[in-house]
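Input sequences plus hints: build the corresponding full structure.
2 protein chains.
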Amino acid sequence: MKTTIREERKKEIIRGFYDLSRLEGMENVSIAKIGKHLGMPPSLIMHYFPNKRLLVLGLISHILHQYQLIYKPIINKFEKDHKVYPELLVNRLFSREWNLLFDDGVFFSCFAMTFRDETIKREYMKLHLKLRDTLKSILDRDPVFSKGDTALLAEKIFVVIEGAYYYLSLIGDEKEYNRKLNIFKDQVFQLLKLESQLILEDSE
Amino acid sequence: MKTTIREERKKEIIRGFYDLSRLEGMENVSIAKIGKHLGMPPSLIMHYFPNKRLLVLGLISHILHQYQLIYKPIINKFEKDHKVYPELLVNRLFSREWNLLFDDGVFFSCFAMTFRDETIKREYMKLHLKLRDTLKSILDRDPVFSKGDTALLAEKIFVVIEGAYYYLSLIGDEKEYNRKLNIFKDQVFQLLKLESQLILEDSE
DNA sequence: TTTAATTTATTGAATATTCATTCAATATTA
DNA sequence: TAATATTGAATGAATATTCAATAAATTAAA
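Residue numbers (the UniProt record's numbering), protein chains in the order written: chain A, 1 to 204; chain B, 1 to 204.
It does not matter which identical chain is meant; a pair holds if it fits inside one copy or across any two.
Heads up, simulated DSSO-like pairs for lysine-lysine below, C-alpha to C-alpha not over 27 Å straight-line:
{"id": "1", "residue 1": "K126", "residue 2": "K175"}
{"id": "2", "residue 1": "K147", "residue 2": "K175"}
{"id": "3", "residue 1": "K121", "residue 2": "K180"}
{"id": "4", "residue 1": "K180", "residue 2": "K136"}
{"id": "5", "residue 1": "K52", "residue 2": "K36"}
{"id": "6", "residue 1": "K147", "residue 2": "K180"}
{"id": "7", "residue 1": "K185", "residue 2": "K77"}
{"id": "8", "residue 1": "K136", "residue 2": "K175"}
{"id": "9", "residue 1": "K175", "residue 2": "K130"}
{"id": "10", "residue 1": "K130", "residue 2": "K185"}
{"id": "11", "residue 1": "K185", "residue 2": "K147"}
{"id": "12", "residue 1": "K136", "residue 2": "K185"}
{"id": "13", "residue 1": "K33", "residue 2": "K11"}
{"id": "14", "residue 1": "K10", "residue 2": "K130"}
{"id": "15", "residue 1": "K175", "residue 2": "K121"}
{"id": "16", "residue 1": "K52", "residue 2": "K126"}
{"id": "17", "residue 1": "K147", "residue 2": "K193"}
{"id": "18", "residue 1": "K121", "residue 2": "K10"}
{"id": "19", "residue 1": "K52", "residue 2": "K33"}
Hints in this document: simulated from the structure, not taken from any laboratory.
Structural data, given as structure tokens:
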């Protein structure tokens, strides 16, 4: 276990960076602040992350990993089943229990960096492709949906999910939030319903 | 015209802030840099914007105003007509000529601030409500669509537009970009078609 | 197994640079 | 004459990063 201390410390630092970003906003977090927060000198942070960009890159991997985890329970649920129940799927795709575990502000701060850093852009791209692919494989296991273009359907579903994720983040009022959330859930539900109708009609 | 110099200068400063943000990323733009870029001392900037937050707020108003302008030609086109041609509408909603006039990186940098600043959040919210309202009023002028829930339809359309705006910004490859763009255009087209079908069926 | 050598982890002080902001003085306009 | 616009110099605080020194852990030699 040569690298155990090293890896532990790196994780600890990124975790501290994330926690502070959540509290104060990413653009207001400095290496000195992370050091103070974790009770270590800034020079130790620089020892593990030789410059700030590498630290930011580390945070982004962390964020994207966390984001991906959100969809883990969805996958697990559907891994046993070989049939997709649209209501169930929609509810899970829009479930926001994880909201407590994940900071949207940090996510979008990192996303904004996408426009100035190709490496970061690729990381985000990879995540989005993976999410679509996961949904595709869920649909592929269903006897009906697998007859259609599951990749296409996954694209159409995720564009609504992500548009909703973006737009709903602006809404403070809970009632209004839920009203709109239900609109978008219904919209995805319609996509699923329409697709299965078309497939069933074709096979007649 | 007492305030003409004042207002001109403020515009100039915000314009400089925007230009630099575009070039170097918003988080890397300081008051000193704006000053150098415009050939004026930082103290003059502080004269018009007593602190940086006010300057950022000014930039955000500018951005959101520009963003809104994107949809001006769409509105103008449909203001004369009292009929909505779905293909035409979709093409215009997804038209990206304005991409050259508008920096997405700055837009999302400002959007990220939404999570830490209620004033900024409200500004963004206002913009999004206005865009939906504009589309609603276009649909309201159409004899068919006006019989349905135009506000609901506008929500469903914009969530796709905004999801696409977000997602497509990650895609560099032009072919792939256009392939996906067409998927989302088709998706909105389907929303419009389905809605008019339902209305026409109901009225029989 | 103990010791010596070497690599890695940690510290704290110091660096130059950049940051937003202040201020008093001068120039311009109303 | 009064208000506003503009300048340039100065501020202290915060920034990322460097460096030399010490402590701890790991490896190699005895």
